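Going line by line, the protein sequences match chains A and B.
Heads up: the first sequence at position 397 corresponds to 396 in numbering that gives the first Met the number 0, and the numbers run straight through without jumps.
Heads up: the second sequence at position 234 corresponds to 233 in numbering that gives the first Met the number 0, and the numbers run straight through without jumps.
Rather than coming from a laboratory, the hints here were simulated on the basis of the structure.
Not one of these hints is a red herring.
Straight-line distance between alpha carbons at most 20 Å, and here's what the computed EDC-like set of lysine to aspartate or glutamate pairs gives: (1) Lys473/A x Glu437/A; (2) Lys214/A x Glu163/A; (3) Lys352/B x Asp268/A; (4) Lys232/B x Glu52/A; (5) Lys232/B x Glu38/A; (6) Lys373/B x Glu95/A; (7) Lys214/A x Glu231/A; (8) Lys129/A x Asp334/B; (9) Lys220/A x Asp360/A.
Owing to the predicted nature of the structure, the values given are computational and were not obtained by experimental measurement.
Residues per chain, in single letters:
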Amino acid sequence: MQWETVIGLEIHVQLSTQTKIFSGSSTQFGAEPNTQANEVDLALPGILPVVNEQAVAKAVAFGLAIDAEIGKKSFFERKNYFYPDLPKGYQTTQLEAPVVGPGHVEITLDNGETKSIRIHHAHLEEDAGKSLHEDFHGMTGIDLNRAGTPLIEVVTEPDMRSAEEAVAFAKKLHSIVTAIGIGDGDMSQGSMRFDVNISVRPKGQEEYGTRTETKNLNSFKFMEEAIEMEVERQIDLIEDGGKVRQETRLYNGDKKTARAMRSKEEANDYRYFPCPDLLPIILDDDYIEAIRATLPELPDAKEKRFMADYGLPQYDASVLAASAAMADYFEQTVKVCGDAKLAANWCMGELSKFLNQQELDISACPIPPENFGQLLARIKDDTISGKIAKQVFQAMAEGEGSADEIIEAKGLKQVTDTGAIEAMVDEIIAANQAQFEELKGGKDKLMGFFVGQVMKISKGQANPGQVNQILKKKISE
Amino acid sequence: MENKTLKQLSAGLASGEFSSTELTRHYLDKIKQHDGTYNAYITVTEEQALAAAKQADEQIAAGNAGDLTGLPIAYKDLFCTQGVRTSCGSKILDNFVSPYESTATDNLNKAGMVMLGKTNLDEFAMGSSTESSYYGATRNPWDTDAVPGGSSGGSAVAVAADLAPVSLGTDTGGSIRQPAAFCGITGLKPTYGRVSRWGMVAYGSSLDQAGPMAQNAEDAAMIMNALAGFDAKDSTSMDKPVDNYLADLNKPIKGLKIGLPKEFFGDSLDDGIRAAVMDAVKQLEAQGAIVKEISLPRTELAIPAYYIIAPAEASTNLSRFDGVRYGYRCEDPQDLADMYIRSRSEGFGAEVKRRILVGTYALSAGYYDAYYRKAQQLRRMIKQDFQAALADVDVIAGPTTPSPAWKIGAKNQDPVAMYLEDIYTLSVNLAGLPGISVPCGMKDGLPVGLQIIGDYFSEAKLLNIGHQFQQATDWHTRKPTVGGNS
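Using the sequences plus the hints, can you model the full thing?
In structure tokens:
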């Protein structure tokens, strides 16, 4: 049977505010346990929440970025359940009237197809603390530093049909969040966490199958693996005559295993009701327009502009536009080297490879874009070849100076002196008389061999175009 | 220093007749001597009180004292007070020493007031008799076999028995006005949002409001001047200028339009109270007020609406008492569920458990629409009834309670009978309006209270009416025989 996968996502995005959503505590990551928890975060008797306006502004910015309806009157509700890292015994969140209503996000797949994913809504809420199970000898420690960190939870419609679409969506959402600066998007610190709802149905069937929810995926790779594993599990289960149970699952990315956490039948009754300690958030058009005015260029618009202004292919444009920091780096590089396609190739190639290897973000790149542009300019004006440029790039990355300084210091300037190149060509011909006769006789495949040999004795510094020309001249002599 | 009003004591401090230290010592001695009979206090903060009094004396000597500098006060044990146990009358908070100060008490401390201690209350302010406290029942000084009302019973008794010249209470459904009526003192519940709730342990968050419990309206006005005001830490507090509550006290009430809701004078009203309240109304008429009958048709519905909304809010407000971070934790918990269940089962008393269960039920899936949402609709209608009535009259007057103080133990086995006693006070909290109770007579040796309800932020007018009434009557000056009459 042909199966169709149906995927919907819920994404928790930590908002990068200085202080928590309802208290003045810092939201800095990595502090000693409970040093960033004041009386509000500890839920002492008598404390009251006050909404952080920055959190609201960031949620509105997100809504505008996904072309959503903004809730002019939204309010907070209490979601009641007991858990040791939930200090008040309820989470302050939004249900009936969220701040961000329906919107949509466009994704581009590897085959160039585009698709619109509908956003059901996004709501503001507070994060919980953390339970620490190690080092307490059979007991559990509670760290409330994270309790009260502002989040938006983004809920999509079940519009995705494969792991590839889900990952493309997740990456797009990540690029929007970082482009508009509402979150740092650092997934290793839990700044963005994905819950994936997955079901399968026979192709052509309208009705959805029973879905499971895999919680708290914090990398694109784990997300892809978890989806593929869960889809296969569900299909195998059904094909063997079984039934999918509605349940919450956990995926372990290190061990590549997944397990059921709890079944939905034991689900809590959360007893949502409007939080009496907080007034509704009323937003007027002036406020919303003022936030719209602060929005930077969004990834989609940037992609279109890169295609139009720089003549880049869509693939290049979308890769570069996905990260606002990378896009800025690219544009500064172009300014110096004057060749957009060359800059795009190098940003996506050598530069990205290097950053990945070093596990560095582009914002922490040791090579300033001006130097990177200078390097590319030297390729363009034939001072060095692409191959030598890679060598210069490594030296720049190691902090040996600017491109020009390194080329000069290491004597890497390309040899363009015809006489010098001719002498090297003659040397190679003399050493390989037999092959040269074959080349002359029409065995064109040997051309590469001769160019390669010349480049080798020139230590890569001969201009390959000139080598070619001179060799051709020698053949026809 | 014996049986003096706050204003008289303020004058005594200013003239140097006695020092704050002497005054504070006087009250501490009286508490030691008599509170065994009444159980008004849970905690007496002698050391802090004497230190604060010393500081006040220095301020007075330096000539930068305000009206309230050096005057003692008692706080209901539901206000968080830094470094002092804040128990809420519950075993679950018996070991809780607050690391921070509530805004209400902070305002009064900053005005130079001297905290004598923390007063008894129904556990988590849930009750009308101050019998449900973990620290035992408080007794009414007019009849020590009778309840003082509640939940601010300790604060009411402290003032009535002159174990404090003034006190602070909180009112969610009548918890200032009803014990004030039962104990023969003056109690004001301000407009919701006039006094900050920061640091007040929450019962029904949309209803709770702090206010003064005093010997008369003038003393209450002195407290309100320091107590009221916007607080950025409370999102529901109102950013609105505060009146000078002393300024209008002597304004004549000639031409004041008073509405008497016929629903407040039905069959359930005690005849002695009816007579006392009607005498008081005649007195106000004699002073120039114009009286007319009005209707608040949804008065009876306030009881079911209140007993859904307040428990619903309470059920989640009290979730934080889980044994994890502070407060009572059961011995040797076997696992997480065991810790939650036993800590809460052992830590909360019966009435608190009852209200948590009622509130949890009312918010549950499938019942929310039938209970919580309906109750909110009723609340809006009750508010509209008041607004319609107040478009026609300046204030609304009637009895504070349907009957005088009952005997200890008489109603605490029948919660519904006790809930019905709140009929005249609950609707005022549901509407968020201010209300005052002033003594207006006696029934079989027990005080009777007249309640006056005003429009939003009309506290100055209510205090003015109370003061004018007290200029013409002496009910507020009558004192019980302290030392016990049982």
